[in-house]
Amino acid sequence: MPAISNPDQLVLDEPQLISRQPLLLARGMVKHYGAVTAVAGVDVTVYPGEVLGIVGESGSGKSSLLRLLNLEEEPDEGEYYLNIPGYASANLLKVDRFHRRELRINHIGIVYQYPHLGLRMRYTSSGNVAERLIMAGERTFSVMRQAASELLSASEFPLERMDDLPCHLSGGMQQRVQLAKAMALKPQLLLLDEPTSGLDVSVQALVLDTLKRLQRLTHVTIIIVSHDLGVIRTLADRVMVMRRGHVIETGLSDQVLEDPQEAYTQQLVHAKL
Amino acid sequence: MDNTKETMSNIEKTLSDAEETPSDDLSIVNPKTPLSALAHPHKDYSYAFLDEFAKREIRRRILKAIAIPGYQVPYASREMPMARGWGTGGLQVTLSLVGPGDIVKVIDQGDDDSVNAANLRRFIARMAGVKTTANPLEATLIQSRHRIPEERLREGQALILQVPVPEPLRHIEPSMAKTREMHADADYALMWLVLYEQLVRYGEFVTGASYPVIVNERYLMSPSPIPRWDTPMLHQAAHLTILSAGREKRLYAVPPYTDVHPLEFDDVYFQVESQADRVCRLTGARQKFMNEIPQPDGGSLFSLSDTGYAGKLLKRLQDQDVVIGETYYDENGGFYHAGYLKS
Ligand SMILES: Nc1ncnc2c1ncn2[C@@H]1O[C@H](COP(=O)(O)OP(=O)(O)O)[C@@H](O)[C@H]1O
Ligand SMILES: [Mg+2]
Chain A
0 MPAISNPDQL
10 VLDEPQLISR
20 QPLLLARGMV
30 KHYGAVTAVA
40 GVDVTVYPGE
50 VLGIVGESGS
60 GKSSLLRLLN
70 LEEEPDEGEY
80 YLNIPGYASA
90 NLLKVDRFHR
100 RELRINHIGI
110 VYQYPHLGLR
120 MRYTSSGNVA
130 ERLIMAGERT
140 FSVMRQAASE
150 LLSASEFPLE
160 RMDDLPCHLS
170 GGMQQRVQLA
180 KAMALKPQLL
190 LLDEPTSGLD
200 VSVQALVLDT
210 LKRLQRLTHV
220 TIIIVSHDLG
230 VIRTLADRVM
240 VMRRGHVIET
250 GLSDQVLEDP
260 QEAYTQQLVH
270 AKL
Chain B
0 MDNTKETMSN
10 IEKTLSDAEE
20 TPSDDLSIVN
30 PKTPLSALAH
40 PHKDYSYAFL
50 DEFAKREIRR
60 RILKAIAIPG
70 YQVPYASREM
80 PMARGWGTGG
90 LQVTLSLVGP
100 GDIVKVIDQG
110 DDDSVNAANL
120 RRFIARMAGV
130 KTTANPLEAT
140 LIQSRHRIPE
150 ERLREGQALI
160 LQVPVPEPLR
170 HIEPSMAKTR
180 EMHADADYAL
190 MWLVLYEQLV
200 RYGEFVTGAS
210 YPVIVNERYL
220 MSPSPIPRWD
230 TPMLHQAAHL
240 TILSAGREKR
250 LYAVPPYTDV
260 HPLEFDDVYF
270 QVESQADRVC
280 RLTGARQKFM
290 NEIPQPDGGS
300 LFSLSDTGYA
310 GKLLKRLQDQ
320 DVVIGETYYD
330 ENGGFYHAGY
340 LKS
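Heads up: the sequence lines are chains A and B, in that order. In terms of numbering that gives the first Met the number 0, the first sequence is residues 0 to 272. In terms of numbering that gives the first Met the number 0, the second sequence is residues 0 to 342.
Worth flagging that the hints you see were computed from the coordinates, not collected in a lab. Any given hint might turn out to be false.
30 angstroms max Cα-Cα, derived DSBU-like pairs, lysine-lysine [said to hold, decoys possible]:
id: 1; chain 1: B; residue 1: K177; chain 2: B; residue 2: K130
id: 2; chain 1: B; residue 1: K248; chain 2: B; residue 2: K130
id: 3; chain 1: A; residue 1: K185; chain 2: A; residue 2: K211
id: 4; chain 1: B; residue 1: K177; chain 2: A; residue 2: K93
id: 5; chain 1: A; residue 1: K185; chain 2: B; residue 2: K248
id: 6; chain 1: B; residue 1: K177; chain 2: B; residue 2: K42
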């Protein structure tokens, strides 16, 4: 950008959320588990660099929705697009297993609430991170070591423990390993499913700090799921409120959390306060 | 093999009996013909023990295995007159390939005379009427457990390896459905991760036998529990290698002149077991795969694991006439495909 000599000529950027193509566009996502409808026709739109929060009580379908967006499970109905080179106009629910795997490796990172879902507990922490690089074709040991330690330190993980097994680590450290692993291949989309719910309050604050810092540095697009409004308030630009598989309210975080329109959201906010 | 000749003549007799089977023109069958007249004449055993259908099935599987190097082909695995786990997989392949003109060598851990090898050899000789040998140069079929002979095999020979666990991913992924998917996708990240972990924890690759290899740049394959020393011998080999697991009912193959590469990192290489400083106590040989013989004083003596090769060296020491083939490794431990083993 050229240096600004005359402040009068300053032209402001257009508001970006409106002008840019969304990174993620999902329409009419439906998922049944037997008689239970976990996700009942949900639309999601996320813009590049944005942090979208999803709140809702337990069982409202947040994790199920995230699994669909992670291409981990197939929805019963819906369309799903990511604005990624090579896939921009492809309904990702229709791509074959091979490309689905490629997408999940190179373009989507996920942190689960329960570390055992995201980590190999019997492999070293650095190995858990290195596996992502191996998947992308890395075959040089020293490069893997270097990258694993850089990624783990970016997640503020104590490096002297990088070769410990995750099952010997505290909950906070396990989440940091998951985060380093999720970010290893610089995904466009980072999915966080209750990343701090299992942690005690002080550790929770530290992990949230890390997440915030990482987002500022990398501008990665994030969808964070939580039943904790504090977490959403700290991180999310926009928030979606879910109940019984439906989205009942959506808007800017400040707006929704300060001035909720729906009775259910009001309850949720007041319960928190 | 005193009774081999006798067996031969028995078999010839059986075979010529078979030719006298009555005409199979169905139009002359009348309903009153007794069933026995329509059946083949009774024989105690088929040639080479397995019936012709079983042999044909295994040969077809072998052809498929050769067509897709390193791919595990399921097969029926018949009941053999010995327990599964004692080489029945290798045995079925040998029996379905063997013909009266073949010469068979059987080894177990490099040894022609161990109980298991002797048993299998006697059985094959008795059932197929073939000549047997300890000389790998003379043999047309070599069935082996855990070793490849030190002398280079050549075109036209088949090496049949007995395999306990055909699935190289077995110990890291217990689900067979998953491992098949991983092979289909050539998704071997987990195997590479195991090597990463070995380097982190032990500073070197610690997989001894069954070191995982990529065959023909496609399939991950377990080369049966041969030592790392033998693994390079499969690469661009002149002979055909067939690997067969009787208990697991899978066989796979490395056709002649096929690439076989052990997994290794770009900066940390696959290494064979060092045989430096090991001298065979009987023959004085060096730089071949040695058995270690612990001594009461805590030290060790060594002897050649390949007894066929050792026998030849001994003969030469006694000034007898003997032809010793070129070996895969020279006296300095150099492998015959220069540059294949990096250091
Ligand atoms: N694998 C599954 N099998 C059966 N029911 C499931 C499964 N996963 C989720 N559900 C059901 O779907 C509903 C939504 O669950 P979930 O997405 O985990 O909610 P949340 O993450 O918001 O707590 C719940 O009623 C849950 O019992
Ligand atoms: Mg959940």
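Hints the structure fails to honour: 1, 5 and 6
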